[in-house]
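Protein sequence lines, in the order shown, are assigned to chains A and B.
Using our numbering, read the first sequence as starting at 41 and increasing by one per residue.
Using our numbering, read the second sequence as starting at 413 and increasing by one per residue.
It is worth saying that the hints were derived from the structure and are not from the lab.
Here a beta-carbon is modelled for each residue, glycine too, at the ideal position from N, C-alpha and C.
The hints are all genuine.
On the chain B side, residues computed to face chain A include the following (Cβ under 10 angstroms):
1. Val445
2. Ile451
3. Thr615
4. Lys701
5. Gly704
6. Pro706
7. Gly720
8. Thr723
9. Arg724
10. Ile725
11. Glu726
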Amino acid sequence: MSKQVALGIDVGSVTTKVIFVDENDEIVEGLYIRTKGNPIDTIKSGMIEAYNVITSKFGDIEVIAVGTTGSGRQLAGVVVGADIIKNEISAHAYAAIHEVPDVSTIFEIGGQDSKIIFIRNGAVTDFAMNTVCAAGTGSFLDHQAERIGIDIEKFGDYSLRATNPVRIAGRCTVFAESDMIHKQQMGATPEDIVAGLSESLVRNYLNNLARGKELLPKFVFQGGVSENIGIVKAFENAVGTEVIVPKNNKLMGAWGVAMLAKREVEITGQKTNFKGFKVTELEHKTRVFYCDGCANNCEVYEVIENGETIAYWGDRCGKWSNRLTSKVRKNERVDRKSEIINSER
Amino acid sequence: MKIGIPRALYFYVYYPMWYGFFSSLGHELRLSVPTNKEIINLGVSHSVDDICISVKVFHGHVKYLLDKKDVDLVFVPRIASEEKYKYTCPKLAALPDLMKSAFVRDANRILTATFYTRQGEKPIITAFEEIGRQLGDSDEKIKSAVKVGIEYQKLATKSLRSGHTFLDVVKNIRDLETLIKKPVSKQRYTVALAGFPYDVYDTFTNGDIISKLEDFNVGIVATDMLNPRVYNHYSKYMIKDLFWYQANAAAKGGMYYIDSPDVDGVISISSFNCGISSIYQKLLDLYSKEVGKPVMHIIVDEQTGDAGLATRIEAFIDLIRVKRGDGLVTQENNLHGTENGVHVRSL
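Extracted from the complex, chain A is given alone in its bound form (with noise of 0.2 angstroms):
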């Protein structure tokens, strides 16, 4: 019998993470892909690769259910045919307190968002987003390191190694940026300055989304940007006690969302929506109009497959989202009965 996964797909802003979980929710394997400029074509490439590694380790495979997060999510979810498109802050949360029941506080900073999410018996109770800037997250790091010329995933060992960090004002990538540099023109080490830079993050953040809320442990730390030893440690630091990386740090938002999907085909009893890997070798595109049915204009998205247009969006009145669910339902039908007609036979 071939093996039974299920997928998760989380296309952030930045990377983008396929995994693959086994009947005891494991991660059996796990992508970790630049979005770059085209999410479809990265999830595509994506479910490739990792259809092959998968294959090539436990041969024939099965997938049983699809869930899809991230802000990508909509888009993922229609492309690969999702069973479950979920918002990140529950992908997360419930990848947490899968990992560590006891959580209480997760902080997750991704690449152009960065969350706090306050857990009490197992379920979330309260979340913050950063609201109007990036300011402190991974796509700032990344321009950072790019600037003083280091590799980002030397970034931490470089904070750890300094002896007398540098205060960065946090508020604003602007002002942070321009602190920096005038620090490094006063001489400060490149190791002060980083170091300086993540305590200023971890200060930034904890101000802006904590705001006086009561910050108890268990803390998890995850997202791309825990990779960085050295805002782990500013973390400690700030908190005061042990900040858990869980292992599977990067891809907590996938894994979440993969297992959730497995509770909602096990609950519905339903066969997967999973439109299978020949998905990669359909065509898909994209594109992007203004509808001129009201002075709102507002930018539709629509999503075409092999000619057909699979999804709209972005229309505040419905007027094409709501025209297209009707047909889909009524190609889901089709479906759905040529199925049942197949198997009779």
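We have chain A; now place chain B onto it with these hints.
Same frame as chain A, but now just chain B:
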């Protein structure tokens, strides 16, 4: 006369009164269209830089009406006070002046009077008399028109108290009696919206939070549906009352909903850089911490991309679901995606 009424700010509170008054005098009303991108652009380009988006949007609505050839005058009342010792935000109290300075060439087309809606009907009558005289109506007619206006306002308040949103009131302005009798269907979840009516009901500016919630079969209540009598005692949780009636309504009404067993969570909606909003948000935060009901703040600005908003709303609903013991997966309409044709189950 054809009178333009900007669909912004106090429109979302006193429109019924204005409607009753002007139409009873036989003037034609022209409402500006609900806020859209064009209106926001107009507003942003005609207003000063550092005011809140709600006032900027108001500029847009006024400009839209001034640009219309068939609008003679644009009604911009100065609502100075709605409760004893409470005054409105300075920007709102200065609205007619702001408009006259922003649209100097059309300054004489701004129709205004100062309203104190706090001490019974007399000051309201005075203000409307001022307006009626500017329009050349007789005192007698004005007096009966004011009565009609006040009657409309009372009916609107009644509709709100029976659980209808102000958007329903606007839609059914001609037949509020029927609206009052219409029952509001009960949903599995109820979310309360706390905030100024113009932030809660301006569906374009706030990314259509109401529809987003309704897509998840969440029922809506809002702080303007409450009779102040039910929440006035919450003053004791604040050092003292805030200086603006609407801010008090948002703060205390929000607290009332935090305590209410029929409400699963409270979402506050405010515009970026609104000073008083930051105060009532903090008050709600502190109070919710005591009671343990989920509270989320949505702060709106000029942005139109709504991925962040959708994520927050979805996560908030997940939170409520888990709290009610419904779990994260499997409901008939569990995703926003249903609408987009992403995840449609055969029935």
